[in-house]
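As given, the protein sequences belong to chains A and B, one line each in that order. Under my numbering, residues 1 to 307 are what the first sequence spells out, in order. Under my numbering, residues 1001 to 1303 are what the second sequence spells out, in order.
It is possible that part of the hints are untrue.
[Unchecked claim] Partial chain B-side listing against chain A, Cβ under 7 Å, derived:
{"id": "1", "residue": "Q1133"}
{"id": "2", "residue": "A1139"}
{"id": "3", "residue": "A1282"}
{"id": "4", "residue": "E1285"}
[Said to hold, decoys possible] Have a look at the derived ranges for each label pair, beta carbon to beta carbon:
{"id": "5", "chain 1": "B", "residue 1": "G1095", "chain 2": "A", "residue 2": "A276", "range": "55 to 65 Å"}
{"id": "6", "chain 1": "A", "residue 1": "D153", "chain 2": "B", "residue 2": "T1241", "range": "50 to 60 Å"}
{"id": "7", "chain 1": "B", "residue 1": "H1067", "chain 2": "A", "residue 2": "P284", "range": "57 to 67 Å"}
These are calculated hints, taken from the structure and not from any lab test. In this text, all values refer to a predicted model and were calculated from it rather than measured experimentally. By construction, the Cβ of each residue, glycine as well, lies at the ideal position given by its N, Cα and C atoms.
The residues making up each chain are set out below.
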Amino acid sequence: MKAQRDVWGATLTALADDDERVLIIDGDLATSTKADVFAAAHPDRFIEAGIAEQNMVGMAFGLSTMGYRPWLSSFGVFLTHRALDPVRMLVSQTGAAVRIAGHYSGLLNGSSGKTHQDIEDFAIMRAMPGMVVIAPADEFEAEAAFRWIADYDGPVYVRVARDAVSPVFTDAVGFRLGAVHTLREGSDVTLVSTGVQTSRTVDAADILQQRGLSVRVVHVPTLKPVDEDALVAAVGGAGAVFTVEEHSRIGGLGSLVSELSAESATPFRVTRIGLADGWSESAPSDFLLDKYGLSAERVAEQVLAAL
Amino acid sequence: MTALTSPPVDTDHIESRARLESLARRGRWLVLDTVASSKAGHIGGPLSAMDVLIALYFERLNIDPAHDKNPERDRFILSKGHCAIGLYSVLAMRGYFPEAELATFDHGDSRLQGHPDMKLTPGVDVSTGSLGQGLAAGAGIAMGAKMQGRQFQTWVMMGDGEIQEGMVWETVQSAARFELDNLTAIIDVNGLQQFGWPSTTDGDRFDRAEPFSGTNLGEVFRGFGWNVLTIDGHDFDEILTAFDSVELLRGSGRPTVILSMTTKGKGISFTEGTYNWHNGIATTEQLELAARELGITLEEDAR
């Protein structure tokens, strides 16, 4: 079981062996993001920009105009919030091939607490015109996504989780932009999830099945652009629909599915499981998942309570 | 006794000076006339920057409008993107698109947006408009050039009001670390911004205070490890000499900033030195007065 950040550092290091366009621009977090692995292997293509995220984004844009495909290495919260204006103006507006790796994504960041929890990134980055938004489920899908991104000529935001989760895929998984994966078939309840939360959502499905429910699990690795017809088809028409995400209930996967349902010829009711409109705290991951309702047990409880 | 010898008279310089002054007058007219026609746009900043823009595009930049994507071309970034009409006027005069196209500025379905758009406008290297971003983009380009062994120069023009943005200083400190001596910032120090603060000095040429009143910008940049040149941004001899110095400072391992001391609204009597002409629409009478002052024959330019 490997953490996505370890996969990120290793995959980019491997990609850079054959692709001279690959650069990493780091915001002084290389030991956290595992960009240090890349720095050791490719010192000439590792740029330490220091603790200055707006400048990082601007330089990445400038380098992209010179033919490079730079990856930004920082905590997601600093790139999607602090550096949002240059992301919007220089990356989104121009369609630059800048890769925004949002490390320590979501709620779980090693007890750093609410200042470092990026729980609004989907809402913000979905709204950026032309931005691809990806949240891989596990180590295998993460590697496939990183490799896909390397060949994509446009702006990408990708979540990179700090800690390993039980894989839901194998190394046979590929990445196709916008694809929706039905991981498990069922007829009473449909759980729709994204990012590493999908792993915990699969565990929640196990609990619900032990209670006698037939549970479908759908994983959405691309929040934008998503195959809308495929998502509606995979989610609608079979039992109660719940979205489950390590993100604010505002603007993320729950909003995406609700929007598609509302515009669908066959709308379905959606219950959004995610973070309430508020602030979290510093604590071990298990504590946070339990208290803020994202552990398998707490997700199962919320589903049962809503049925 | 040491013999004093005069430097040889540079007749090329004299000829180019007259030519540049004429081009700058035309550029100023195009700014005022276009903004009056589109009823939107900035005046004071484009006019303060015009002489430096003309000198860059007609004497310094290694560019070719027919090959505007040549990877070896010099790059120019107008970080103070609200002065777009100044850049567009110069690009049109330099042959990137017809001067007549200036009439489409801000009109919808135009290649000439209110702020420069690299995806739309020939000759625009970087999209700008949110102040403070151009220097970081330029630093990335300059770094890429070094990594690829390319010899071109990257120029970034900022406003003295613009450099109140914090992002600028992130780049100022890191560009020196990266030894980007192929990056040159030009700060158009016109001493005014859109509104600013009440003047604290009597008898100043301005009715509002300098954006960096009391701050020694040259010392600030020197402290960050930059080469600093200070010029009269309306004197073509000083401008061109500074450009020569920029080339000589290649190899210094330091980026260079040119503090270009200018007058906002320069060149037209009623726009000079007043914050009220940060933007504005000239009346018919004002256009006629400006044309006389700039030596423009209005019949030629009737639209």
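| message | For the restraint on Q1133/B, tell me whether the closest CB of chain A is nearer than 7 Å. | response | 5 Å, holds
| request: Go ahead and decide if the range 50 to 60 Å is satisfied by the Cβ distance of D153/A to T1241/B. | output: 43 Å, violated
| request: Could you say whether the range 57 to 67 Å given as a hint is met by the Cβ separation of H1067/B and P284/A? | output: The hinted range 57 to 67 Å holds for H1067/B and P284/A, with Cβ atoms some 60 Å apart.
| task | Hold the hint about E1285/B up to the distance rule: shortest CB distance to chain A must be less than 7 Å. | result | 39 Å, violated
| query | Within 55 to 65 Å or not, the Cβ separation of G1095/B and A276/A? | reply | 60 Å, holds
| field | Supplied contact hint for A1139/B, tested at 7 Å Cβ to chain A | value | 5 Å, holds
| Agreement of hint A1282/B with chain A interface, Cβ distance less than 7 Å | Violated: closest Cβ of chain A sits about 30 Å from A1282/B, beyond 7 Å.
When the structure is compared with the earlier hints, violations turn up for hints 3, 4 and 6 and for no others.
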